[in-house]
Amino acid sequence: MARRSTPGNIVTTTIDWAARWAQTQSMWPATFGLACCAIEMMATGTAHNDLARFGMEVFRASPRQADLMIVAGRVSQKMAPVLRQVYDQMPEPKWVISMGACASTGGMFNNYALVQGVDQVVPVDMYVPGCPPGPQSLMHGILTLQRQIMTGQKVSG
Amino acid sequence: MDEAPGRTVSADQETDTQYVEEWVSGTEVPDEMATGEGAQEMALQESGYRFREQLGAVVTDDYLYEEEVSEDERMIINMGPQHPSTHGVLRLQLELEGEMIKRCKPVIGYLHTGMEKTAETLTFMQGPTNVTRMDYLAPLHNELAFSLATEKLLGVEVPPRAAAIRVLMTELNRISSHLVALATNGMDIGAISMMMYGFRERELILAFFEKTTGLRMNHNYIRPGGVAADLPPGWRQDVANILKTIPARLGQYDDLLKENPIWLSRTQGVGVITAKECRAYGITGPILRGTGVEWDLRKVFPYSGIDQYEFDVPVGAHGDVYDRYRVRVEEIIQSLRIVEQAAERMPKGDFRADDRKVTPPPRARIDESMEALIHHFKIFTEGFRPPPGEAYTAVESPRGELGCYLVSDGGGKPWRCHIRAPSFYNLQALPVMLAESMVADTIATIASLDPVMGDVDR
Amino acid sequence: MSEVTTDHAPEAEAPHPVIAPVVDRFPEARWEISDTEWLVDVDRAQLSDLAAACRDAGFEVCVDVTAVDWYRSRRPRFEVVVNLLSHQHRRRLRVTAGVPADDPTVPSLYPVYPGVNFPEREVYDLFGITFEGHPDMTRILMPDDWEGHPLRKDFSVGSVPVRFKESHKVI
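Chains as they are written, first to last, in numbering that gives the first Met the number 0: chain Y, 0 to 156; chain A, 0 to 457; chain H, 0 to 170.
Think of the hints as simulated: they come from the structure by calculation, not from any bench.
Where is the CB? At the ideal position from N, CA and C, for every residue including glycine.
One thing to keep in mind: the hints can contain errors.
Once the Cα atoms are required to be at most 27 angstroms apart in a straight line, the calculated DSS-like pairs of lysine-lysine come out as [said to hold, decoys possible]:
hint : chain 1 : residue 1 : chain 2 : residue 2
1    : A       : K347      : A       : K243
2    : H       : K152      : A       : K412
3    : A       : K104      : A       : K275
4    : A       : K151      : H       : K152
5    : A       : K151      : A       : K412
6    : A       : K377      : A       : K151
One-sided and incomplete, this derived list gives chain H residues near chain A with beta-carbon spacing under 7 angstroms [to be verified]:
hint : residue
7    : E59
8    : R89
9    : G114
10   : N116
11   : F117
12   : L140
Given only the sequences and the hints, what does the whole structure look like? Please build it.
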């Protein structure tokens with residue numbers, strides 16, 4: 000963690016690094032539960048899987064207090080403007096996880112009602128596959144996103 | 000509102016009417032004041048008494064007199080579609096008078112997925128994949144309703160083991176669904192521990208589902224002609240474990256909620272609906288049973304041989320949030336009874352109908368029989384073709400009557416697949432339940448309806 | 000449709016006592032009363048009256064309202080399907096009514112069963128069948144500015160071509 004330490008227990012680091020570290024270690028997700036994936040997102044936050052281990056259990060009801068949006072479920076044509084508005088209300092810096100097949104690509108519902116991929120509406124940083132992704136998959140996605148923020152580079156898998 | 004007159008109150012006003020007249024004279028803005036922001040303070044009052052009361056000059060008890068409140072004291076607020084306690088993407092338009100809800104209109108469609116259209120492009124074999132994603136808390140019930148409708152069209156009987164597996168799985172699913180209902184209901188009213196408890200036990204059941212079906216949710220396990228796979232080795236141990244653990248944990252819920260004064264005051268007498276209203280609005284499931292009507296499709300129109308199992312239908316008496324909560328807890332206990340009996344008497348035999356036009360042949364047969372290979376290929380590429388006709392079947396899902404109306408034109412895909420979604424109808428109860436209640440009770444009431452928006456919008 | 004008279008009259012053996020008064024009142028409707036299912040196909044003008052009669056006969060719950068688009072395979076093109084349920088008699092009754100494509104209107108059942116509020120709006124939204132007398136005949140599932148009625152057979156599924164990476168094929 001420390002770049003160099005002097006005998007007086009002083010830690011020096013770059014502001015950039017410290018800021019990124021703070022951003023990753025206390026990310027607050029906005030509750031954007033839409034469909035089946037929302038239930039798995041809730042399951043990730045509760046007892047058995049306990050997202051609190053990664054400093055992310057504080058699901059915020061207001062987008063203005065959140066910096067991560069987990070789009071959990073299928074996005075309909077009717078919901079897309081709402082989704083964009085919620086995204087716009089979030090303060091910078093902000094990230095988006097597209098959770099599940101429907102949010103990422105429309106999934107098995109290639110039809111008139113669904114937006115075929117939430118990346119048409121908001122920029123997505125991480126795609127989590129699955130229908131629905133289990134809590135472990137979501138946690139893996141979150142941890143990968145944290146690594147991506149930390150390193151500042153695209154990380155896959 | 001810049002030109003609104005300053006409020007000068009002189010103490011020497013004798014009567015109310017005089018006072019108001021004096022205040023009005025010389026001001027030219029009353030019409031605009033009635034609509035502008037802050038109108039509630041600025042609007043002219045008919046009665047001077049009322050006006051002085053607003054200024055704090057007179058103190059009265061609100062209940063002492065009734066007065067028509069003018070239109071501009073009404074306020075319409077939107078709740079949702081992105082709101083943590085609307086259980087997904089439900090949007091409510093609430094017309095408020097202070098804290099009192101005068102009217103409520105649910106606005107839905109934010110999760111409309113076009114599944115009924117998609118169902119027309121999928122074969123009957125693929126159908127359960129589609130419908131299982133509707134009510135995602137009770138996926139197996141959706142599959143069961145669809146499969147029963149298809150079997151009714153085909154005239155196929157499933158073997159006893161398949162029926163018993165269906166009963167076992169759907170009743171476990173009912174438990175897991177009610178656990179989520181209790182968990183979210185608790186969380187919405189502030190009992191966060193309930194959220195943790197509910198999801199903890201749900202994991203237990205989901206682990207068994209994952210072992211059996213391969214997925215935690217959206218299983219596509221119950222298919223026309225039977226089920227997709229036999230129960231996995233060691234299932235008796237798992238079921239026994241569930242049967243042992245959950246009753247003990249239910250005691251914890253009771254400790255937490257049953258006599259908790261906060262819980263009681265937030266739920267008793269809140270969101271009341273009568274049996275008559277339930278019938279008029281087509282409301283089924285725990286909401287109907289909470290009003291005291293003993294109506295359960297498992298008893299009335301039994302399916303999958305569920306009439307051979309012993310269980311009771313728990314009912315409430317008052318039709319309020321508390322009774323619905325109790326009905327759900329009791330239903331968990333009854334479902335455990337059914338699961339226990341199903342595990343005990345699990346018949347031996349095949350887990351799908353022995354009709355090679357409908358169900359795929361066993362995997363081992365494909366290697367040795369050309370015919371089996373052809374059947375397998377045919378089923379998964381073309382599917383089967385039920386004779387033309389219509390079928391409506393209904394099962395008792397955790398939320399009420401879940402019906403499937405299938406129309407076949409003789410082709411390999413349904414001509415029309417309609418799901419009668421219980422949440423869709425139950426949501427109509429919301430305006431009835433919320434009329435003349437407080438805003439804070441909205442949360443408790445929605446949670447007690449337990450709507451699944453995937454089921455509502457499909 | 001409306002000219003059909005005696006050839007579809009009730010079966011020789013008397014129908015179930017629960018439904019008999021309704022059968023007597025609507026002899027021109029096409030009844031199919033068997034042990035397992037009770038079906039009736041009625042002229043759309045009579046739908047509301049029949050529903051009221053059924054309600055008085057004990058069918059106090061309207062379980063479901065939906066529609067089928069037969070497109071070119073049948074005339075009239077649309078069929079409105081109403082599922083009724085009787086709690087006291089433990090019976091179901093399915094009522095159907097044909098609706099022509101050039102005038103897709105049906106009398107609303109809202110005065111009889113207030114629970115058809117949402118489902119009738121859904122049928123209007125997805126099939127474009129208007130229910131006359133419904134207090135709020137607006138779209139319910141699709142956005143308000145949506146054009147077309149998705150569950151009609153001449154409305155395409157609306158699938159978007161998909162191309163996978165490293166592949167030239169579009170599926």
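Comparing the hints with the structure gives:
The suggested pairing of A/K347 with A/K243 holds, with an alpha-carbon distance near 24 angstroms, which does not exceed 27 angstroms. For the hint pairing H/K152 with A/K412, the CA-to-CA distance comes to about 14 angstroms; that is within 27 angstroms, so the pair holds. Among the hinted pairs, A/K104 with A/K275 is consistent with the structure: their alpha-carbon atoms are about 21 angstroms apart, no more than 27 angstroms. Restraint check: the Cα-Cα separation between A/K151 and H/K152 comes to about 25 angstroms, which is no more than 27 angstroms; the hinted pair holds.
Between A/K151 and A/K412, the direct Cα distance comes to roughly 15 angstroms. Compliance with the 27 angstroms bound is thereby established for this hinted pair. Under the criterion of a C-alpha separation no larger than 27 angstroms, the hint pairing A/K377 with A/K151 is consistent with the structure, at around 21 angstroms. The interface hint given for H/E59 is met, as the beta carbon of that residue sits about 5 angstroms from the closest beta carbon of chain A, less than 7 angstroms. Contact between H/R89 and chain A, as hinted, is supported at the beta carbon level, the nearest pair being about 5 angstroms apart and thus within 7 angstroms.
About 3 angstroms separates the beta-carbon of H/G114 from the nearest beta-carbon of chain A, less than 7 angstroms, and the hint is met. Interface restraint check: H/N116 against chain A, minimum CB-CB distance 6 angstroms, threshold 7 angstroms, status holds. Against a cut-off of 7 angstroms between C-beta atoms, the interface hint on H/F117 holds, since the closest Cβ of chain A lies about 6 angstroms away. Annotation: interface hint on H/L140 holds; nearest CB of chain A at approximately 4 angstroms, less than 7 angstroms.
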